[in-house]
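Top line first, the protein sequences correspond to chains A and B. The numbering of the first sequence is the UniProt record's numbering, which starts it at 1 and goes up by one. The numbering of the second sequence is the UniProt record's numbering, which starts it at 1 and goes up by one.
Same chains, same names: a pair is fine if it fits in one copy or spans any two.
Quick list of in silico lysine to aspartate or glutamate cross-link-like pairs, EDC-like style, CA-CA up to 20 Å: (1) 12 to 106; (2) 75 to 108; (3) 12 to 108; (4) 75 to 106; (5) 89 to 40; (6) 75 to 40; (7) 89 to 108; (8) 89 to 101.
None of these hints come from the bench; they were simulated from the model.
2 protein chains.
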Amino acid sequence: MSLDPDIAARLKRGPDGLVPAIVQQYDSGEVLMLAWMDDEALHRTLTTGRATYWSRSRQEYWVKGNTSGHVQHVKAVALDCDGDTVLLKVDQVGAACHTGDRTCFDADALLP
Amino acid sequence: MSLDPDIAARLKRGPDGLVPAIVQQYDSGEVLMLAWMDDEALHRTLTTGRATYWSRSRQEYWVKGNTSGHVQHVKAVALDCDGDTVLLKVDQVGAACHTGDRTCFDADALLP
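Pulled out of the complex, with its shape left as it was, chain A reads as follows:
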């Protein structure tokens, strides 16, 4: 099993083989976090319905919520016009952020 060749052909990966994935709560529109995917992580996300990323710090696949319980159920996935960014719409169980905040952008406002 691997990523659909039609999708793989459209994907423009960075030098590290990864694309950024923007993760958004599907109904409220909140931007929850940004994570990274390689082809296999995108494949697993599309086929399992559970958001799966590549952890750059741990260098391993990471099924969001497997340890915390803060699962992301995948509702929609889209590629951008350049094929170099993924937008994931999910239903987030609990907090998206490891700090316990609902989103990873709650704690450090630069403006206003």
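Once you have looked at the hints, place chain B on chain A.
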């Protein structure tokens, strides 16, 4: 003029000196696009109220809308928990995408 040292100290840049910036329409919550910023682009975005990026393809600063008229008026800026991603809330004039679509994620749905 350069980026506030307190902010610069919290910013975790990639090997290319850039951080991804997620751009969201401030009222509807639509995710419009993803772009890239270095310290100077973030500084200009925070101080001018106009979204300013670093263009990786053209290797130059890029004030969104300067040629297209599709300006982004900055409403809010936040850093994520790791300091490696920026979330920009803007008021987008016209289309965010160079294709004429409202967002860069309108044309290529992978799921459903």
